[in-house]
Structure formats: structure tokens, C-alpha cells
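Residue numbers (the working numbering), protein chains in the order written: chain A, 2 to 267; chain B, 2 to 284; chain C, 812 to 1087.
Bear in mind the hints are in silico, worked out from the structure with no lab data behind them. Predicted, not measured: the structure shown is a model, and the values here were computed from it.
Computed list of lysine-lysine pairs in DSS-like fashion (alpha-carbon distance at most 30 Å, straight line):
hint, chain 1, residue 1, chain 2, residue 2
1, C, Lys986, B, Lys269
2, B, Lys269, C, Lys1041
3, B, Lys183, C, Lys1032
4, A, Lys195, A, Lys180
5, C, Lys1041, C, Lys828
6, C, Lys986, B, Lys235
7, B, Lys194, A, Lys180
8, C, Lys949, B, Lys25
9, C, Lys1041, B, Lys183
10, C, Lys986, A, Lys215
11, B, Lys25, B, Lys87
12, C, Lys949, A, Lys180
13, C, Lys883, C, Lys837
14, B, Lys269, C, Lys1086
15, B, Lys276, C, Lys1086
16, A, Lys71, B, Lys77
17, B, Lys77, A, Lys195
18, B, Lys183, C, Lys986
19, A, Lys215, C, Lys829
20, B, Lys183, B, Lys87
21, A, Lys71, C, Lys949
22, B, Lys77, A, Lys64
23, B, Lys190, C, Lys1041
24, B, Lys25, A, Lys64
25, C, Lys1024, C, Lys837
26, C, Lys828, C, Lys1024
27, A, Lys195, B, Lys87
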Amino acid sequence: MNSMVFGRYLPVDSFVHRLDPRLKIGALLALLITVFFDAGFLGYALIGLFVVVALILTKIPAKMVVQAVKPMLIMLLFLSVFNLIFLHTGKLVAKVGPLSIYSGAIFQTIYISIRLVLIVSLTTILTASTKPLDMTLGLEHLLSPLKVIKFPVHEVAMMISIALRFIPTLVEEAQRIMKAQASRGVDFNEGTFKEKVFAIVSLIIPLFISAFQKADDLANAMESRNYNPEARRTRYHQLHWRLADSFVLGLIVLLCGTIIVMSIVL
Amino acid sequence: MSITFKNVDFIYSPDTPFSYHALKGVDLDIPEGSFTALIGHTGSGKSTLIQHINALLLPSSGEVRVDDFIITATDKPSVLKPLRQKAGLVFQFPEYQLFEETIARDIMFGPVNFGMPEDEARAVAAKTLEMVGLNDTYMERSPFEISGGQKRRVAIAGILAMDPDILVLDEPTAGLDPQGAKEMLRLFKSLQKSGKTIIMVSHDMNQVLEYCDHVVVMNKGRIERNCSIDELFKEKDYLSSLSIDLPVITAFINDLNSQGFHLDHDIKDIETLVKAIGGELHE
Amino acid sequence: MSIIEVNHVTFGYEENKKVLKDVSFKVEKGSYTTILGHNGSGKSTIAKLLIGLPDVIDEGEIIIGGIKLSEKTLNDVRLQIGIVFQNPDNQFIGSTVRDDIAFGLENLCVPHDDMEPLIREWAGKVNMLDFLDHEPTKLSGGQKQRVAIAGIMAMGPDIIILDEATSMLDPRGRKEINELIHQLNRERQMTILSITHDIEEAALSDAVILLNKGQIVSSGKPEEVLSDVKMIESLKLDVPFAYKVSTQLRAMHLPVDATINNEDLVNTLCQLRSKM
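Take the sequences, apply the hints, and build the full model.
In C-alpha cells:
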């Protein structure tokens, strides 16, 4: 029951929801890297178009995208101001008092904004369309080659899936503790620096104690149901690569390839 | 210290796909000095309702009045901070809010936050610790090395030390053994007798019958009953539709009366019950 | 035949601080047995030891279904026992109901194609078939405990241990779980060992074990154990309602037998009345 939207799974059925998580994780990684290749506005327009189509196909409401981007606005504003003041490349565009604003700074700021919005949107598409468990399963498959170098792929995947399972529970717990302390006169919003430190301590200590308690209980519950990290286990969830996945894979390879080629040629 | 809800609605995460309408058109008056039970199922809106009493949540629409405080959707939380001292809220499993190095410091935490000088707060802490049945050897001990039941007492003392006029308790005896629960309830009853208003969320109808005088029933975000204890326990069918069990003694009286006895439905204790049964059988 | 045998078990998490002292008891196969004790009496420690958490005890032995519990036999013992813990949230391992029931099956290496029918069967038996894809945060405490029971039952144990499994639930949840457990006890001859401080639940069970400060102070049929008023009160527990009423009526020289069962008392009183 929290208002955080970024990173949440959106429980609807869509084309993107049905895609293989391995594909979606791989695609996100490839696209995130591609976003940092400077292929000019045309390049960003291409990725932008792709993102918009993907958002629509994922059935993510526009409102949710806006809410996901919102927390980034402050960072964006800060970066923009910083850029406009200190970046002195390109032509001198305007002089406001002691400040000189250059064209390079304006372009740089716009680029950064576009990149940030694209990154947030892409990540939202992945998290909104992929159940945490499928995400873990996808990661486990993608990382399975590392088993050769004795990397504990299965254990790490189990850790991630349990962490994901307990994030909402711990968020709830944190809210509960904050409310309990607020009832004892703690003000989490206002107050001096010292008061704020105290407020945070009054949240963190109980939260840690509760998290350890949960971990202890969970370990007991897992062991009592015969869990042994070293033993062989069968898997209930199986991934199925479909024709649509191959098609989307092709499309993404094409898109990323185009952008990278464009950035080198241009 | 009267508490009044006027047409209060509350929606969690409004305008998102996760929005949830928790309170719907709540109108409510809680009499000053009463021991009011708040009952209803998980998700019925009880927790949301009680968090309005000390302004942890602000109504989405409508208004809540607690004494001179008027709480509406547009109030700033900081304006309402003094209300939190007047209306003390004890959450479910409050032992999870303990964090200080010593029990004394943890109990002092609330009073000091509301501006009480440290030495005065320490004296108050010693007094409240005694009220919850722990002697002063506990003052300098760590709250993390005592038993679960004792932690509960310390956490409740932390709220009592603020000397609130209204005490709101969310299932204060859940998980306590019967004896411990009885001691806690007797403490709350004595606080009511000293003039405080007590509101208690409870699932145990035996407790409600024995200690409360007034009851509010919530279901699906609405107030469905707001009446005296005796009136509520007459509504057998309504309660069973909410799968709320009658108090053991009331169910027992009903069983006997349905087979020819004429016992008073309002009997609350075993001694009176035994006398009444004896009376009928000796006739 | 006893399915659980605990012989002279002494155990402590720390040296010199024994939580259990020379505890011995037996649980009959197919019975509903309750262990009663107040908080801190050591009753939860017994529950954990029975499933080998931890698998080393200071003294004595635990025998489950004829197998002596040790590090080597741990898996075989755990196959026979399922345990439902107190906190519904902290034992929900999967991200959804489906995944949580599957978790135990995965550990038993059940082939993939056999899992789905088992999951559906047990989700159906605990009335959670409509919630298969629900996340734990969207379920009530009672629903989560039902999922825990389905997850255990799918693994095919003979014994279920309830470690205060209903103490954090609301009345509806408590009723659901109690009914489900009684049904499993009746229809599938599951052995139930319930750890509780609910005296009325103990009154309805086949056998009661009373625990105080890590020692068994009394055990036997509920009507014998629970009618020892001095003992019950000294353990900070409540005497059953029917027992209080029936003994006080006897004190008034009414011909009423002491009982711990409300229904019996109602019947006796109504018969008395009709004779008048």
C-alpha cells in the first residue's frame, strides 16, 4: 500500500508480459548500453519510437510512466543548472547577468534529459512486465555459464528471488515503524539535523531487528520443507522460447546495430 | 476529548493502478471517557480508521475532530503534532518499535520528543514502568534482552508515558498468554476509570464483553454498528454473518435459553451466571 | 502406536541455560495432541527440535516414525513432518501461492509435469484455487497459513506440527485453520501436534501435555489434565469455562459432574431442568 511506482510489477496480460524474461533482460541491457552511443537526435528518435511502442504494447498507463520519471526530475534539474553554468562549448547563445550560456551546454542538457527518460522508461517496461520470479529465473539462465567457474548461480538466484519477495513486506514494515515512531512524536519531515538523525535511527534499528527475525523464521521454514542449497532440485517454472521472442530479438539487434553504426558514421 | 468523524473517506495511493478505497463515508462519534471496542475483519478499515485519530493519515475527504483539532485533507502534519501527544496510538505488536539502549530511555523517548525535560521524563518513565507491572530494576536494562511479553509492556509504557487523554490500542493482547492479557486489560480499565478515553481493536469477544462498554463494528470500509456491548451481542445472526463468535458466556446462555432456561442475556461473569442457573434449578 | 517418541531430551541454545530439561513424551499415530504452556515455557523449542532445528541435542533422543533423529536421518524425518509456524508472512517463501506450494516439491525433486496436478489438488483442498497467482501481500493471515498447509500436505507427510499457527490470525482465519486441521486429522488420519496456549483448543484434543519452565508437569487426557485447577492457574493459563461453571454449580449442591466441555454441560443442565 505504498505510492512507489518505479520498479513495480503491473499485473496485466500483454504481448510484452508474455515475452521470455531472458530476452527482456538481455534487451534491456543492450538498449541501456545503446542509449549511451551518441547517434544524434535521429538516433534518439528511433529509440524513443521503439520505447513508445513498447510502452503501449506493455499496456503501461501514461500516468505510471510520469510517476516513474517524477523522482528523477530533481536530479535532472540539478544537472541542467550545473551544465548550463559550467559547460562552455559550442556557440555563445545568451548572456544573463554574469552567466554565459553556450549551445553545447543546451544540447548536452537535452541529451541527458532524453537519456534519463529513456533509461527510466526502459527499466519500467522490464519491471512492469516481468514478475520478479521470472526475472530471477531469466537471470539464472543467463548467468548459468558462470557455473563453470564455480559461481553459485543457483544460490544467488534464490537470494535475489527471496529479496524480491520480501521487498514489499519490508517496505510495509518500514512504514509501520515510521508511523509507530511518529505516534511517539518523531517528525520524519521536519526538524534539525540532530533530530533527523535520531528519527532515522528510530526507524533503522527496529527495521534491522525485524528483518533478522524474518530471515531467521524464513530459514527455518525453508529447512523444514527440505530445502538444501547444495542438493539437486527440480524446477516448477520452465522458460519457453517462442517465435515472437526470436522476432523481437531480431528487431532489437537491428535497432541497436543501427544506432551504433550511426554513432560511428556520424 | 471527544472524537468525531464526519463523512470521512480515505483512499490509499489515489490515481494509481494500486489505489484502494479503505474508508467509505464514515460518520462516527466516540463518547468521551468510554472504553470502546473496534471490531471487524482484517481489511475492514479498522487500522485506517484509528490512524486518523492521531492524524497519521489525513482523510481524503470529510473531517475528523479530536477535541479542538480539526483534521482535513489539506492539513500540514506538523500543525497536528501536538495531537499525537493527546491521542496515544499503540500499534499491533508494538514491541517492534523499541530501539533505545535502555528501557528507561525508550520510555522517555515520547515525552522528550514532546518537549519534556529529561529528568522529569525519567521520573515519568519509572512511574509508567511500574504501572505496566515491571519494577525499577528494569530501567537500565536493554529492551532487547527481556521476554516478548515484557517488551510489549515496555512499548505500551512508552505511549502511556506521554500521558495521552485518548489511548488507541490495536490488539494490545495478541500473542500474550491469558494471564498477561488479563493484567494489561485491567490496566486499561483503570486508565478509563481515571478519565481517559480508550479505543481498543480486538478480536476476542470475551475481552470485549468483560472490559468494554461501547462497540463499533466495521465491515468493508463502513461503520455497520455503533452501539452498547449488550445491544451488539443480541444480534446473533449479524455477528455470525461476519463470522464473529459470541463471547463464550453469551453463547452458553443462548444455548441454555433455547432449551427452556430464562437466563438474563446480559450476564457478564461466571458468578452471576452460576447464581442465575442455581436459582432456576432450585425453584 | 506412537509416531513421535521424545526420550529424556535436554536442550539449551546456550551452555548452562537449558530451555528443556529431561522432557519425555509420546504422541499416538493419528491423534490430535496439544502441548500447552505459557510464553517462555519451551514449547516452541520442542516443535523446532522435532524437525531437527537444530539436529543436535544435549541429551536424550527423538524418534519419529521409528527413525532416530540425527544429522544423517534429517531428510527422512523431515519427509514425515510438516510444520506451520506462528508468523504467516515469514514462512511464505514463493512469490505467489502457486510458487509457494511448488517450493517443497522442487526440494523433493518431483518431476515438473507432476507438480501442477499436486499444486492444484492441494490448493483446492485448502480453498485457495482462485488465488493461485496471488502474491502474499494480497492475502490475509488465514489464507497464508492455508497455503502453508497446502505446501506441507503436497509433500505427503504423516504429521503436522502447529507452532502457535493461529495466534496471529483473526477469528475467521483461526476458525478456517482449526476446521482444516481437524478435517485432516479425521479424514486423512494425520497426526496433529499443536503447540498453543488456547485452553479451549486443548479441551477438544485427544491428549494434552502441560509444559512449564522446560519441564513436563502433567500429561494425559484433557479432562484429567485441565481439571487440575491449581496447576493450570499456577502456569498462568485459564481454566476452561465449562469447568469453572460446573464446579461452582456442584459447590451449590447441584447434581452436576465436573466437565470441561460446554456442550456436555448444556445437556446436563437441560436434563436437570426437564426433571423438575
